[in-house]
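Protein chains in written order, with this note's numbering: chain A, 1 to 497; chain B, 1001 to 1106; chain C, 2001 to 2510.
A couple of the hints might just be wrong.
Said to hold, decoys possible - Calculated pairs, DSSO-like style, for lysine-lysine (alpha carbon to alpha carbon, straight line, at most 27 Å): (1) Lys2437/C to Lys2374/C; (2) Lys2219/C to Lys2348/C; (3) Lys2105/C to Lys2219/C; (4) Lys1022/B to Lys2105/C; (5) Lys412/A to Lys1014/B; (6) Lys2507/C to Lys2467/C; (7) Lys241/A to Lys2101/C; (8) Lys389/A to Lys1052/B; (9) Lys2101/C to Lys2042/C; (10) Lys1014/B to Lys2105/C; (11) Lys2105/C to Lys343/A; (12) Lys2467/C to Lys2492/C; (13) Lys2437/C to Lys2489/C; (14) Lys354/A to Lys1022/B; (15) Lys2473/C to Lys2507/C; (16) Lys264/A to Lys1052/B; (17) Lys2489/C to Lys2415/C; (18) Lys269/A to Lys480/A; (19) Lys354/A to Lys1014/B; (20) Lys1014/B to Lys343/A; (21) Lys2219/C to Lys2141/C; (22) Lys1022/B to Lys343/A; (23) Lys2368/C to Lys2437/C; (24) Lys1022/B to Lys93/A; (25) Lys269/A to Lys484/A; (26) Lys389/A to Lys264/A; (27) Lys2141/C to Lys2341/C; (28) Lys269/A to Lys1052/B; (29) Lys2489/C to Lys2476/C; (30) Lys2374/C to Lys2423/C; (31) Lys2415/C to Lys2437/C; (32) Lys2368/C to Lys2420/C; (33) Lys2105/C to Lys354/A; (34) Lys478/A to Lys269/A; (35) Lys2141/C to Lys2244/C; (36) Lys343/A to Lys93/A; (37) Lys2505/C to Lys2492/C; (38) Lys259/A to Lys389/A.
Think of the hints as simulated: they come from the structure by calculation, not from any bench.
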Amino acid sequence: MEITERSAAHIARDVNGGTISAREVTDAVLAHIDAVDGDVGSYLTVLHEHARAAAARVDERVKAGEKLPLAGVPLAVKDNMCLTGTRTTAGSKILERWQAPYTATAVERMIEAGAIPVGKANMDEFAMGSSCENSALGVTKNPYDLSRVPGGSSGGSAAAVAAFEAAIGMGSDTGGSIREPGAFCNLVGFKPTYGRVSRYGLIAFASSLDQIGPLTRTVEDAAIAYEAMAGWDRMDSTSIKRYVEPVSRELRTDLRGLKIGIVKEFDTKALGAETHAVYEQAYRDLQALGAELVDVTLPTADYGLATYYLIAPAECSSNLARFDGVRYGLRVEGADVNEMYEKTRAAGFGPEVKRRILIGTYALSSGYYDAYYVRAQKARTLIADDFRKAFASCDLIAAPATSSPAFQFNAKSDPYSMYLMDYYTIPMSLAGLPALSVPCGWVTPPGGDCEMPMGLQLTSPLFTESLLLGAAHAYEQKTKHASKHKPLLGEVPVHRG
Amino acid sequence: MPTNRSIPTLSSEKIDVRYVAKLARIALTDDEVERFETQLGDLLEHVNALAKLDVSQVAATAQVVESRNVERDDEPTPCLDRETVLAQAPQRQGAFFRVPRIIAAD
Amino acid sequence: MSDTVSARAAGGTHEVGGGEAGPQRHSNWEAVIGIECHVELKTETKMFCGCRNEFGGEPNTKVCPVCLALPGALPVANHAAIEHMISAGLAFDAEIPAFSKFDRKNYFYPDMPKDYQISQYDMPLTVGGAVRYWLEDGTVKECRLTRIHLEEDTGKSTHAGSGDGRIAGSTYSLVDFNRAGVPLMECVSEPEIHSADEAVGYLEALRRTLQQIGVSDVKMEEGSLRCDANVSIRPAGSKELGTKTEIKNMNSFRSVYRAIESEIERQISLVEAGERIVQETRGWDEVRGVTHSMRSKEQAHDYRYFPDPDLVPLEVERVDVDRLRAELPELPIARFERYTKELGLDVKQATQLIDNLPLATYFDAVVKANNNPKQSTNFVLGDLSRLANETETPVHESPVTPQHVAELITLVEAKTINSKIAKDLVERMWRGEGSPKAIVEREGLAQTSDPTAIVAFIEEVLTANEKSVTDYKAGKTNVMGFLVGQVMKASKGKADPQLVNQLMKQKLES
Ligand SMILES: [Mg+2]
Ligand SMILES: [Zn+2]
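Sequences are here, hints too, so could you generate the full structure?
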């Protein structure tokens, strides 16, 4: 097996065992990136030297006898996470040349565990988007069909892992930004419970929703990455002081004794026959693994989108105020400071970011605050309550990750149709629940000429990552959907379904 | 699937995009004002569906995972090196960040 | 709000009243004043990060990702600042609600790094309470507080290009973020102050209290206390509130006094001329001694407050409140009432002691040791304070202990020594000669009240001054003073002067 195609677990085992050095892995991955990233566009910055220096340090540590859970594992870091001395842009022109002078806690922990950051991955500007098309700095393509989007906002990290330009991608998920690109790129996309992973050093989109998590090619890799990055951080008041279970040692191979809820409101018939069939099969596979399927109801889940599109913009309108041309980043001069602000922010932010800042500013403004913002917070309470009630009768909930496979560039012209991409992932985000998408089959999209991956979304109660990853592992091991197709990059055209 | 859902709309006020953009310090062209007015209006129509929910007896959720009293001890930690800080300034003058004329405080 | 270096250039010290007394045609009008103070809390580190909270320093050296609002940085609340807030609330008898939280106040300003200020909106750490204060005539007054809440300070802008450092006419500004994120207490009073004197009395009490409970240095000249005043007038006896103006840029208590006087005067003149007061912000011009309009049209503020999602709510523990209450020292107003009512000090003496807490503590120790407040006041505020001034050594750091002073007073009370010896002893104690009792014993300085010994001195003096005796007998009785003085001198000051007088008289007239 090519070095680049090995799982993180595999690489770490080999590097710790001394059969290969971190430096060799890193060189192989960097060479592969140089060969394919021109086509895929996963990275905004490739960290050649940084990665080689990091690999040298890992090799020294291994030589000194340390066993590192991610020894030599190539890591794609979403470009909204700070890494000292690297350009960190959040996919925005306003930060196009900003060099981070500090490192995000989650990234730091991955490095401490032996991972090698090989590049800063493209993303929708400030994580606002579901296709990566909102990046102001680059285009990322889906490695399974270059005419299609990789999903977003963590599209660069997803494409990098799918195209073997990294073994683990770090993403951030606010309303589905890990799970959706995970589904589109044939990956495991895992969003832990809100507060499990420190947000310190993650450029904020919506503080009460943002959560860092891994994108990987296997559930086991997701578990190892999660163990490395999770845990309380004194620098993040909202990170949770709670024991992180060694999930990678508790991965199951069956679902006996588990009740899995199927959401009555998430009827997949309207998604088209082929997609509907994929999800029906997925539910049957869960049953075949020993799970008992039960019907559950999430009556307010349908309000998720409306709730989300008030809360997230409101928070972002305030979070993004700091990009003002005073201390760092882009500045467009003006006759006075207000003119400078207005011109800087007009030039620095793309249309989607402006839309969300405007709607959020409006939702918080005098006279509208109670009608919009407070009402959305109350709706959020109801949505979280729905999940609590549903979990009274089941251990996990299974649902679609997306309503369709990856779409083509420029397919979603009006903003709301793009927002709908997160219909199934947003309710879990609002409830703070751990959730992941795991490959569950392939469909040929209308007008497409090859099969594209689909993702099954599993979610479980707060802080039950162990249960969630365990179940996903059993499903992955039984179905092995991910291995059906492989992206063929370089001179060879992409696969045909 | 939500696309076929009929969403009741409330008679809502039109967003004063210029006022909101002023608050948010974003200069907009006339074209943008018009476009955002339509797009934000559309989004608000969807959002207005929330009016159907009875939330009179519901508490607001600011944070979904309950946590209280996260505080730090009053102990100093290292600061950033000044040159590192100022090297990124769009405009500096000596040890200071420089900004254009400030009109009145807001 | 953002402040400027120029706006708080070295503030003077406060002197109330005197030649400064404002026009006295206020009798038909009553001023209604509310005061809003911003007080920097005294902590080791800033409110939401570990940068040092210190005044001054090289620009932009006390900054980190958090207080510079770098992308991705997050706040974590400083526990000490929260305790300081509770202590302040308790000192002013405020309610400490069980639940509190932080909110964001959104507005753009170049010295505010996040372009929002973390503050408290609807659930401040303390609610209500009152500041009790006294005026120069000893009247004790009370002004209720609306709330005290916790927030973070901004950086500092220096305005350049206008020649005078003022924002008006400046062409650019320079920003230093060292102060950004320093914990700041905002203390809002009810509009229950009715004169410039009361305003200063209120501020003095606030300053003393916060300083003595150890939560702030409260130095107006370093900007750790800043205040704005809302001023309106109404016909005397009316209950309705008039249109108010907000006065800013007052750099010292003296400026506060002058600004309020001037603004009341301006408003009375306007109304008496049949004009209307415009609700606006006015700046105090220290040089010209007038307030001037700062904004032609009042901008609508839309701060878009909402709970800060980066911080979690605060549940104030009752045990902490109880502990902090127990840790409070005697408060200035309590001390004032004790000194004036129980110990009989006058307002000036009481104030002098309260404004010098180590001296007050010293004084209390003296009183405790001898239970003679009058003599204690005389020695502590008299001879000892004079020596402290002359030698630039605080009384409590001098070699004279409160026990020494108490001992001295006992010696005077028992007439063991007279007041002249006492004065002499204070000087010697100050030089480090130790216990007055020991000195007196060692050097036999005890007052001589033995008539035989005194008569011996008198006879000696009379023999040596025959002419004076003759003069006395001829009716020049004023030579008596000279003769007594000679006896005192002969006794090395130890003779009981009263007894000398009495025996001398007997001798001369016998
Ligand atoms: Mg304030
Ligand atoms: Zn700091």
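Status of each hint after checking the structure:
Only pairs whose Cα atoms come within 27 Å are accepted, and Lys2437/C paired with Lys2374/C is accepted, the gap being roughly 21 Å. The hinted pair formed by Lys2219/C and Lys2348/C meets the criterion: a straight-line CA distance of about 22 Å does not exceed 27 Å. A hinted pair counts as satisfied when its Cα atoms are at most 27 Å apart, and Lys2105/C with Lys2219/C qualifies at roughly 26 Å. Restraint check for Lys1022/B and Lys2105/C: satisfied, since their Cα atoms lie roughly 16 Å apart, inside the 27 Å limit.
Between Lys412/A and Lys1014/B the alpha-carbon distance is near 25 Å, which keeps this suggested pair within the 27 Å criterion. Between Lys2507/C and Lys2467/C, the direct Cα distance comes to roughly 15 Å. Compliance with the 27 Å bound is thereby established for this hinted pair. Note on Lys241/A and Lys2101/C: the hinted pairing holds, with a Cα-Cα distance of about 20 Å set against a maximum of 27 Å. A hinted pair counts as satisfied when its Cα atoms are at most 27 Å apart, and Lys389/A with Lys1052/B qualifies at roughly 21 Å.
Taking the CA atoms of Lys2101/C and Lys2042/C, the gap is about 21 Å. The hint holds against a cut of 27 Å. Of the pairs offered as hints, the one joining Lys1014/B and Lys2105/C holds, with about 25 Å between alpha carbons and a cut-off of 27 Å not exceeded. The suggested pairing of Lys2105/C with Lys343/A holds, with an alpha-carbon distance near 23 Å, which does not exceed 27 Å. The hinted pair formed by Lys2467/C and Lys2492/C meets the criterion: a straight-line CA distance of about 23 Å does not exceed 27 Å.
A distance of roughly 22 Å separates the Cα atoms of Lys2437/C and Lys2489/C; the hinted pair therefore holds under the 27 Å criterion. This hinted pair checks out: Lys354/A and Lys1022/B have alpha carbons roughly 12 Å apart, not beyond 27 Å. Proximity of Lys2473/C to Lys2507/C is assessed by CA-CA distance (about 11 Å); at most 27 Å being required, the pair is judged to hold. Between Lys264/A and Lys1052/B the alpha-carbon distance is near 20 Å, which keeps this suggested pair within the 27 Å criterion.
Note on Lys2489/C and Lys2415/C: the hinted pairing holds, with a Cα-Cα distance of about 18 Å set against a maximum of 27 Å. For the hint linking Lys269/A to Lys480/A, the alpha-carbon distance of about 24 Å falls within 27 Å, and the restraint holds. Proposed proximity of Lys354/A and Lys1014/B is supported: the alpha carbons are some 18 Å apart, at most 27 Å. Straight-line distance between C-alpha atoms of Lys1014/B and Lys343/A comes to about 25 Å, which keeps the hinted pair within the 27 Å bound.
Of the pairs offered as hints, the one joining Lys2219/C and Lys2141/C holds, with about 24 Å between alpha carbons and a cut-off of 27 Å not exceeded. Between the alpha carbons of Lys1022/B and Lys343/A the distance comes to roughly 11 Å, so the proposed pair stays at or under 27 Å and holds. Of the pairs offered as hints, the one joining Lys2368/C and Lys2437/C holds, with about 18 Å between alpha carbons and a cut-off of 27 Å not exceeded. Note on Lys1022/B and Lys93/A: the hinted pairing holds, with a Cα-Cα distance of about 21 Å set against a maximum of 27 Å.
For the hint pairing Lys269/A with Lys484/A, the CA-to-CA distance comes to about 25 Å; that is within 27 Å, so the pair holds. The suggested pairing of Lys389/A with Lys264/A holds, with an alpha-carbon distance near 14 Å, which does not exceed 27 Å. For a cut-off of 27 Å, the pair hint linking Lys2141/C to Lys2341/C stands: about 16 Å separates their Cα positions. A threshold of 27 Å between alpha carbons decides the hint, and for Lys269/A with Lys1052/B the separation of about 26 Å falls inside it, so the pair holds.
Restraint check: the Cα-Cα separation between Lys2489/C and Lys2476/C comes to about 22 Å, which is no more than 27 Å; the hinted pair holds. Pair hint Lys2374/C plus Lys2423/C holds up; C-alpha atoms about 16 Å apart against a cutoff of 27 Å. For a cut-off of 27 Å, the pair hint linking Lys2415/C to Lys2437/C stands: about 13 Å separates their Cα positions. Distance check on the hinted pair: Lys2368/C and Lys2420/C sit about 24 Å apart at the alpha-carbon level, within 27 Å; holds.
Only pairs whose Cα atoms come within 27 Å are accepted, and Lys2105/C paired with Lys354/A is accepted, the gap being roughly 20 Å. For the hint pairing Lys478/A with Lys269/A, the CA-to-CA distance comes to about 25 Å; that is within 27 Å, so the pair holds. Proximity of Lys2141/C to Lys2244/C is assessed by CA-CA distance (about 23 Å); at most 27 Å being required, the pair is judged to hold. Annotation: proposed proximity of Lys343/A to Lys93/A holds, straight-line Cα distance about 13 Å (limit 27 Å).
Between Lys2505/C and Lys2492/C, the direct Cα distance comes to roughly 20 Å. Compliance with the 27 Å bound is thereby established for this hinted pair. Straight-line distance between C-alpha atoms of Lys259/A and Lys389/A comes to about 14 Å, which keeps the hinted pair within the 27 Å bound.
Checked against the numbered hints above, the structure breaks none of them.
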